[in-house]
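**Q** The chain contents come next:
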Amino acid sequence: MFFKKIITGFIATFFISSAINAADLSNYTNANMDWKQFDGETVTVLLSKHPWQEQIEPLIPEFEELTGINVKLKLLPENQYLTKVPADMEAGTFKFDVFMTQLYEAPKFCAENWLADLEPLINDPSVTDPNWYKYNDFFEGARDVAVIGNTYLSHIAITAESQVLVYRKDILDELGISVPSTMDELLAAATKITESGKAYGITTRGGPAIWWPGLGYLASYGGEYLDSDLNIAINSSESIAGADFYVKLAQQAPPGVTNFDWDEINTAMLSGQAAMFLDSSVIYPRLQDDSISEVVGKVGVAPFPTGPKGAKPNSHYWTVSMNEATENKKAAWLFLQWATSPDMQGRLALAGILGPRTSSWEVDGLSDQLGDEFLDAAKTSLGGAVIPRVTPGFFERVDIFRAEMQEAILGNKDAASAMNDTAEAWSKL
Amino acid sequence: MKDKTYFPLLLTLPVVIFLLALLIYPLLYTFTIAFYDETSEFYIPFSLNVFNSLVTEERFLKNVYHTIFLTFFSTSISFVLGIFLAYCLDQIKFGKSIFLVILISPLAIMPVVSALTWRTMFNPLYGILNSILKYFGFDGLEWVTDTSSALTWITVVDIWQWTPFCLLLIYAGLKTIPVDIKESASLDGINSFKELIYISLPILFNLLLITLIFRFMEAFKAFDSIMVITQGGPGNATETMVIRSYYTGFRWYKPEITSMIGIFLLIFTIICTRWAGTKIGEQEN
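Quick mapping for you: the protein sequence lines, in order, are chains A and B.
The working numbering applies: residue 34 is where the first sequence begins, and numbers increase by one.
The working numbering applies: residue 41 is where the second sequence begins, and numbers increase by one.
Keep in mind that the hints are not guaranteed to be accurate.
Here are the in silico distance ranges between beta carbons for each label pair [stated by the list, open to error]:
hint	chain 1	residue 1	chain 2	residue 2	range
1	A	S270	B	Y293	25 to 35 Å
2	A	G444	B	I311	32 to 42 Å
3	A	S304	B	P85	51 to 61 Å
4	B	L156	A	Q402	34 to 44 Å
5	B	L50	A	L108	26 to 36 Å
6	A	W295	B	V95	31 to 41 Å
7	B	I108	A	A358	50 to 60 Å
What the hints contain is simulated information worked out from the structure, not anything from laboratory work.
In this text, a Cβ means the ideal position worked out from N, Cα and C, and glycines have one as well.
Start from the sequences, fold in the hints, and give me the full structure.
**A** Dropping the structure here:
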């Protein structure tokens with residue numbers, strides 16, 4: 034058994050790596066620009082250990098062959114990475130040109146001017162071929178991440194995940210419920226399933242990270258946490274309607290929902306306790322793994338349901354950025370451009386890194402791996418996805434939101450007063 | 041002769057330096073952070089803004105209430121329970137060492153591990169507590185996921201974890217009381233319960249007081265079990281002053297509020313331990 038796994042592992046690795054290595058440089062040299070203009074220069078890169086890094090690292094020699102630029106790469110485990118980068122930035126000792134970033138750090142990094150503005154480079158025909166790089170190919174949410182917090186273009190997305198609806202086909206069939214496509218249908222289905230006693234209608238986050246799926250519901254009802262001028266919008270009538278919906282939905286979840294976070298909602302779904310799930314698409318491959326899942330083959334997946342103002346799931350992206358102190362920004366940009374190009378993100382998608390570009394969801398061979406049902410659902414959801422407006426103090430804000438939402442889910446107050454209290458507490462920060 | 045008087049002082053120098061560096065300086069710095077205000081109208085940059093905003097805040101008053109609730113019930117119940125168990129252990133004739141090991145095992149488990157275990161047991165869906173209740177035909181409870189009961193169950197966990205500490209100290213104390221005192225008491229026809237109340241416990245007064253102080257200080261700064269089981273939730277139902285100060289300081293980067301809460305905790309602790317210290321002093325005289 035063990036050997037069998039090792040052998041399949043080797044075969045899989047062999048095929049994946051050979052598929053990646055098979056690509057030739059012509060997909061890059063056909064760009065209308067001079068890749069060789071910085072021949073002999075050096076670009077320093079710092080990456081966190083991450084599936085994206087694992088897949089792109091073996092491809093870096095291709096970039097060196099393409100451009101003649103030397104890449105000096107350094108890796109750090111994620112925890113160390115997330116503390117070292119801001120600490121070195123603060124101390125002024127950070128000396129890498131290109132590095133991975135997360136959207137939550139953006140307000141601080143941009144306010145301190147630690148990140149380079151990439152817009153002039155994207156618009157510079159000597160280093161970018163717009164018809165080849167296709168910036169608008171990125172999902173809208175991914176383009177919002179680039180300028181997150183109303184700042185300059187500094188974060189280019191490398192991964193993408195968003196909320197999708199995962200449901201138990203067998204339970205829905207048995208109760209004669211069609212797959213919910215609107216929020217009202219979703220709530221009706223969840224209530225019906227819970228009342229039937231076959232399973233709990235839905236599993237959703239009610240713990241510390243309640244804000245993550247929460248934004249999807251608020252946005253689909255036309256609400257948001259902060260408006261485009263960063264004023265408090267959490268107690269607008271639309272936001273309250275969204276919050277009210279979420280409260281009602283969470284009341285159909287298993288008991289103890291106010292302590293549910295990523296692990297708990299996964300467990301509830303994997304063990305068959307809950308019939309629906311409306312959170313990150315990352316869960317889907319796990320549900321097909323019979324070593325951890327009791328519902329293999331029984332789950333379907335659909336796009337995020339539509340609310341009164343459309344289907345606007347929340348989404349998450351890892352990004353890469355350039356250091357403002359980089360000496361040769363154009364050379365560093367060549368690396369960034371290569372790493373985030375349509376061809377590269379398509380190849381990485383085939384290796385399991387689902388990308389933030391529309392085209393990366395349409396590459397040949399992807400549907401054989403993941404199935405059209407999942408691809409369509411995830412692509413549709415990502416196409417309409419939103420991201421939160423992150424400001425300094427973001428996590429303190431959403432923690433107040435968390436406490437008020439929990440009070441509402443437990444029935445201690447209604448959604449309207451919970452959101453008004455949230456807004457009042459936010460205004461005092 | 042002068043050398044002789046200065047030399048002892050010189051010997052204390054390392055201690056003084058360490059105290060200054062590790063205790064006095066951070067303490068003064070805490071006060072600076074809490075009360076510093078550049079825009080102050082006074083001659084010195086001092087203001088009570090943080091203090092005022094904190095004491096008028098409903099959430100902070102709840103934090104204080106949660107802290108007092110947890111500290112009072114956890115300390116008193118585990119203390120009484122500790123005396124009771126120590127007394128029982130002292131009375132029984134066989135298997136003392138086995139019972140002692142069983143009773144002090146909660147103290148030996150790492151707090152985070154035991155808290156995680158409790159968290160799993162409290163789970164309304166899979167937890168063993170609800171499974172037992174349902175087996176006997178009762179409805180399951182919400183335990184720590186309901187705002188009305190969460191703090192009570194956190195207190196129960198704290199009592200479970202720290203009763204062995206009281207038990208151990210008091211049991212050791214009971215062991216030090218000479219057998220002849222007990223024997224003469226029983227010859228005079230006093231039953232063993234009265235002997236405990238009127239003879240043993242008064243003899244152990246100082247020990248009991250110290251146990252109480254340590255227990256109080258531990259309950260007052262209880263952190264790990266709350267952090268693991270509820271993270272201060274649901275709502276803010278289990279958010280104590282310590283949990284709040286952790287969040288404001290290390291999550292939201294607001295050192296001034298953390299410092300102010302720290303000062304509250306310090307003053308509160310000093311008041312309570314001073315009282316006990318004076319008591320012990322009186323006994324010695």
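**Q** Please list, smallest to largest, the hint numbers that this structure does not respect.
**A** 5
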